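Engineer: For chain A, the structure is supplied; the task is to place chain B on it using the hints.
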Amino acid sequence: MSFAFTVILLNNIFFSGVYGASSLLIISGISGSGTKKRYIAGFCLSITWIMTASALLTYYTDMILEIIPFGQYLKIPVYAAVLGVIYILTLVILSGIMSAHFSEIKKYIHTAAFNSAVFGSMLTAAQMNIGDEKTLLTYIFYGLFSGLGFSLAVVIHSAVSKVLHSENMPKSFKGYPASLIFLGFMGMAFFGI
Amino acid sequence: MSKTLEIIKKGLITKNPLFITGLVLSAAIFTSDSLKTALITAICFTIITAVTAAIINILPLAKTPYTVRIILYILIASCVYLPSQMLVTAIFPAETAKIVTYLGCICVNSLILERFDKRNLKKKSQKVLFIFSMILSFDISLLVFAVIREIISYGTVYGVLVGLDSPMPVFGYVFGGLILLGVFAGIYRYILIETGVYDH
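In order, the protein sequence lines correspond to chains A and B. For what it's worth, this note's numbering labels the leading residue of the first sequence as 29, then goes sequentially. For what it's worth, this note's numbering labels the leading residue of the second sequence as 37, then goes sequentially.
Same shape as in the complex, but just chain B:
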């Protein structure tokens, strides 16, 4: 398998940020009780992480000490946060107001802090490809998880009743989200093990 395909596979499947590596968990768990709030998180996360990754890729930071680099990453991410928050507020004003604290926390997500410094990826283009495939993987996983969680918790999808007879609102709470995500992570890993792609 070519290196490019291997990186994409790693970012998309074997190192899934939500179900395998557990990155950006706080925003994912708190906002995934409805598809609408999960969509807001996915939009903000994509803009903040992708633009920050692109800017960092351009800057000559290879010889900058990690202590300074990590602060720069967060400052860049927090500046990118402003337009992304304005965008989602314009589209979903009421829902954004409910989760705005969690959107702010995306600036300090582990994908920005840890994965930008992956030492096993030598080329900048490989790092960017890995980050972008992880962003896509996170977004897909979060939206799928949010759809299922919303159906189980409230019997709705995007606020529209889908006719589930006995929803379980307990999974709409934070602790319910943790339990449900744990179960999903277990099932996801089981599928990876069974198909032989699990990379411990």
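Looking at chain A on its own, in the form it has when it is part of the complex:
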């Protein structure tokens, strides 16, 4: 429970590490068009699944990289390959179970898969411990809670996205600059926790 609290709130992947900032702004409405709620929900589910699955595979790749010579140098290319595998796997699964909506869903899968939030969570997973040792469950829960933490940031931002893009906002600050300032103040609130 305390691990969940730490990863989702205290060490929120976005508010404490600013991972995935560009994707968050793209998804939760940098265009100001008022992104559909269904789209946001789909993105949050996708990124949580991808972070959890990538954490699972990261555990095994970390074990292999530890025993092979120069393994540490291969970390980034191997993680990139792992992410590619998860991306294709996700597309295959979704095309099977949601074939009717697949073309609509496909649009946000690549944004959910390839961003610094997912890559950052893979790179930082090894630093998180429950107790004294790193276990498969630590990795899986870290991935899951990181995904939920990032989803929380997306939901918070998308909730006020319309206001940040409204005509009442000065033209120079409308949209992107206002979003950054808002997220900065939210980050300050999370820092206070």
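These are calculated hints, taken from the structure and not from any lab test. Note that the structure is predicted; figures quoted are calculated from it, not measured.
Pairs of lysine to aspartate or glutamate, DMTMM-like flavour, derived with a Cα cap of 20 Å:
| no. | chain 1 | residue 1 | chain 2 | residue 2 |
| --- | --- | --- | --- | --- |
| 1 | A | Lys202 | B | Glu230 |
| 2 | A | Lys162 | A | Glu94 |
| 3 | B | Lys46 | B | Asp235 |
| 4 | A | Lys199 | B | Glu230 |
| 5 | A | Lys202 | B | Asp235 |
| 6 | A | Lys199 | B | Asp235 |
| 7 | B | Lys45 | B | Glu150 |
| 8 | A | Lys135 | B | Glu150 |
| 9 | A | Lys134 | B | Glu150 |
Structural biologist: Frame of chain A; chain B shown alone:
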């Protein structure tokens, strides 16, 4: 205006990656609290993105599906990452160790993932020119932003005290960086609007 000049202007000014389009934000915000770390990010970003762009330009990927292409882009970028990380580690060992996770994340930056597939630029040379002007634009913006942020936060530039009486360390934090970047983005857009070059 010729097409070439228009592309350079777009990449350098009107589509500024840091202040207008918001690309490569995580590394930019986390590492811009000091000029030294921002310089490391700029070096790595330039090498990774430029070399990846050059390799992609050579490869015959026009008929490859996007799903496969995007994975190839990241694999190429992650291979280019290795020498760039070794280079900055050799020059700035202590600072690189602090931000190494963010340097790894440059491999999945939106400039590599999105802008290489810009459909409105038909010729490969135009795409490369656009990417290179965006890289230059990002580097300049990041370094200028880092200088100002370091002065405001700690009263130093490149670690050297510049005699600011009351620095505000709060802007050295991630949330401070977000707020300050938001203010800078607003000012930048205001200048573009006033000079009539703002391209919505």
